[in-house]
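S.K.: Sequence:
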Amino acid sequence: KPSFIGMASQSGSFITQMFSYLNQRFGKSFSTGFSLGNEADIDLVDCIEYLGACPNTRVIALYIESIRRGQRFIEIARNVSKHKPIIAFYVGGSETGKRACLSHTGSLAGPDRLYDGVFRQSGIIRAQSIEEMFDFCYALGSSPLPKGNRVIIQTHSGGPGAAAADACGRSGLELPALSPETLEKIAPYVPHTASVNNPVDLTFTKNPLDFFHRIPEILLEEKASDGMLIYFLASERMVRQALTGMGVPEDAVLDQAAQIVGAQCQSVASLMETFKKPILGFSFMTRDNHFVAGLQDRGIPVLPSPERAARAFGAMVRYTKLREKILQSEKESAGHFSAE
2 KPSFIGMASQ SGSFITQMFS YLNQRFGKSF STGFSLGNEA DIDLVDCIEY
52 LGACPNTRVI ALYIESIRRG QRFIEIARNV SKHKPIIAFY VGGSETGKRA
102 CLSHTGSLAG PDRLYDGVFR QSGIIRAQSI EEMFDFCYAL GSSPLPKGNR
152 VIIQTHSGGP GAAAADACGR SGLELPALSP ETLEKIAPYV PHTASVNNPV
202 DLTFTKNPLD FFHRIPEILL EEKASDGMLI YFLASERMVR QALTGMGVPE
252 DAVLDQAAQI VGAQCQSVAS LMETFKKPIL GFSFMTRDNH FVAGLQDRGI
302 PVLPSPERAA RAFGAMVRYT KLREKILQSE KESAGHFSAE
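Converting from the sequence shown to our numbering requires adding 1 to each position, the first position being numbered 1.
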């Protein structure tokens, strides 16, 4: 399926093989893809300018071994990043990477600190791996931007919640305590075994249907929250078992289970739209799980580990700050020009 990611790559393989990877991981691939090779004709600057104007592209991915037109690259990328996130995976910062780039495309790579400076000036978020680049792209392309770095984690297992909390700390994210009002509202929906600190570890829910609706709704209403990470391990099989235990006729179980899964996934998507706060899921399951596929198909990013989800949320926060810095700088420059 086509997606909202436009990619320009100085490696052909990172275009062709990523079609399969993205479809398996996220159920979608690219809006547009450019394989540039050694840039004998068009280059990264041309592609960024084109993708910045492409109506089907909401976020831009770059695989970079070198940048030829440095000043023009910064100018175009800085202009585009005001309205579209750009995520770059750069190789060549180490000596071994530099030699590999030279033999691959004949390009002369530069040190990491140089490219880090170029990316900051350009409003570009740097990823440390190809997987991380696409994680960041899907989070930024699917979700509203967070207004801050405060995250609430919802889980029904202590280990993944603790791992997510640790990863949030490493990604510059804060985990605010729930307000007394939120604690009062959530109390009827959580069992006595739950921990309502942040992470909110439910262990289980009194009504499983609350996990994807009323509980996250209450947590999104929390004023100290800028978004959520949600861990789950539910499956359609578990829903079918619950329906069978409730006495639903066998010939009706499959249809009812599919309807429940679809409604639960739509509920989460509706919450993100209503509150304008990002919701990132994480699960060790793949798209074979109907909850994972259902959430992804409705615009909720579901990433394969708590660490990757936390880093993706951190990237969203960094992009928001970079974008605001660029817009503020231009506003100040325009004001100075007008005064003169």
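Calculated directly from the structure, the hints in this document are not laboratory data. Note that the structure is a prediction, hence the values are computed from the model and not measured. Note that the Cβ used here is the ideal one computed from N, Cα and C, for glycine as well. Possibly wrong hints are sitting among the right ones.
[Stated by the list, open to error] The calculated DSS-like cross-link candidates involving lysine-lysine, where the alpha carbons are at most 30 Å apart (straight line), are:
| hint | residue 1 | residue 2 |
| --- | --- | --- |
| 1 | K326 | K277 |
| 2 | K29 | K277 |
| 3 | K186 | K224 |
| 4 | K224 | K83 |
| 5 | K83 | K148 |
| 6 | K224 | K148 |
| 7 | K148 | K326 |
| 8 | K2 | K277 |
| 9 | K186 | K332 |
| 10 | K2 | K224 |
| 11 | K332 | K322 |
| 12 | K322 | K29 |
| 13 | K29 | K2 |
| 14 | K83 | K277 |
| 15 | K277 | K186 |
| 16 | K332 | K29 |
| 17 | K83 | K29 |
| 18 | K29 | K148 |
| 19 | K148 | K186 |
| 20 | K29 | K224 |
| 21 | K83 | K332 |
| 22 | K332 | K277 |
| 23 | K83 | K186 |
| 24 | K224 | K322 |
| 25 | K326 | K83 |
| 26 | K83 | K2 |
[What the hints assert, rightly or not] Pairwise CB distance ranges, derived in the manner of DEER restraints:
| hint | residue 1 | residue 2 | range |
| --- | --- | --- | --- |
| 27 | S130 | P250 | 21 to 29 Å |
| 28 | N39 | E175 | 41 to 49 Å |
| 29 | P3 | A253 | 32 to 40 Å |
| 30 | S14 | E182 | 47 to 55 Å |
| 31 | E251 | T17 | 42 to 50 Å |
| 32 | P56 | L255 | 37 to 45 Å |
| 33 | S130 | E76 | 23 to 31 Å |
| 34 | K2 | E76 | 31 to 39 Å |
| 35 | Q25 | L210 | 25 to 33 Å |
S.K.: Now look at each hint and say whether the structure bears it out.
M.R.: Structure-based check of each hint:
At most 30 Å may separate the alpha-carbon atoms for a hinted pair to count; K326 and K277 meet this at roughly 21 Å. With a C-alpha separation of about 23 Å, the suggested pairing of K29 with K277 holds against the 30 Å cut-off. For the hint linking K186 to K224, the alpha-carbon distance of about 13 Å falls within 30 Å, and the restraint holds. With a CA separation close to 27 Å, the supplied pair K224 and K83 stays within the 30 Å bound.
Proximity of K83 to K148 is assessed by CA-CA distance (about 16 Å); at most 30 Å being required, the pair is judged to hold. Taking the CA atoms of K224 and K148, the gap is near 11 Å; set against the 30 Å cutoff, the hint holds. The straight-line distance between the Cα atoms of K148 and K326 is roughly 14 Å, inside the 30 Å bound, and the hint therefore holds. This hinted pair checks out: K2 and K277 have alpha carbons roughly 26 Å apart, not beyond 30 Å.
With a CA separation close to 42 Å, the supplied pair K186 and K332 exceeds the 30 Å bound. The hinted pair formed by K2 and K224 fails the criterion: a straight-line CA distance of about 37 Å is larger than 30 Å. A distance of roughly 15 Å separates the Cα atoms of K332 and K322; the hinted pair therefore holds under the 30 Å criterion. Taken as a hint, the K322 and K29 pair is honoured in the structure, with Cα atoms around 28 Å apart against an allowance of 30 Å.
A threshold of 30 Å between alpha carbons decides the hint, and for K29 with K2 the separation of about 5 Å falls inside it, so the pair holds. Straight-line distance between C-alpha atoms of K83 and K277 comes to about 19 Å, which keeps the hinted pair within the 30 Å bound. Restraint check for K277 and K186: the C-alpha separation of about 21 Å stays at or below 30 Å, so the hint holds. Among the hinted pairs, K332 with K29 is inconsistent with the structure: their alpha-carbon atoms are about 37 Å apart, more than 30 Å.
Taken as a hint, the K83 and K29 pair is honoured in the structure, with Cα atoms around 25 Å apart against an allowance of 30 Å. Taking the CA atoms of K29 and K148, the gap is about 27 Å. The hint holds against a cut of 30 Å. Proposed proximity of K148 and K186 is supported: the alpha carbons are some 24 Å apart, at most 30 Å. With a CA separation close to 33 Å, the supplied pair K29 and K224 exceeds the 30 Å bound.
Restraint check for K83 and K332: the C-alpha separation of about 12 Å stays at or below 30 Å, so the hint holds. A hinted pair counts as satisfied when its Cα atoms are at most 30 Å apart, and K332 with K277 qualifies at roughly 25 Å. Between K83 and K186, the direct Cα distance comes to roughly 39 Å. Violation of the 30 Å bound is thereby established for this hinted pair. Among the hinted pairs, K224 with K322 is consistent with the structure: their alpha-carbon atoms are about 20 Å apart, no more than 30 Å.
A C-alpha spacing of about 10 Å is found between K326 and K83, which places the hinted pair at or below 30 Å, so the restraint holds. Straight-line distance between C-alpha atoms of K83 and K2 comes to about 27 Å, which keeps the hinted pair within the 30 Å bound. In this structure, S130 and P250 break the distance hint of 21 to 29 Å, their C-beta atoms being roughly 49 Å apart. The hinted range of 41 to 49 Å is satisfied by N39 and E175, whose Cβ atoms lie roughly 45 Å apart.
Between P3 and A253 the C-beta distance comes to about 36 Å, which sits within the given range of 32 to 40 Å. For S14 and E182, the Cβ-Cβ distance of about 53 Å falls inside the hinted range of 47 to 55 Å, so the restraint holds. Between E251 and T17 the Cβ separation comes to about 45 Å, which falls inside the hinted range of 42 to 50 Å. Our hint of 37 to 45 Å for P56 and L255 holds, since their Cβ atoms are close to 39 Å apart.
Range check, S130 to E76: about 28 Å between beta-carbon atoms, so the 23 to 31 Å window is met. Evaluation of the 31 to 39 Å hint for K2 and E76 yields a pass: the beta carbon distance comes to about 34 Å. At roughly 29 Å, the beta-carbon separation of Q25 and L210 lies within the given 25 to 33 Å, and the hint holds.
In this structure, the hints that do not hold are numbers 9, 10, 16, 20, 23 and 27, in rising order.
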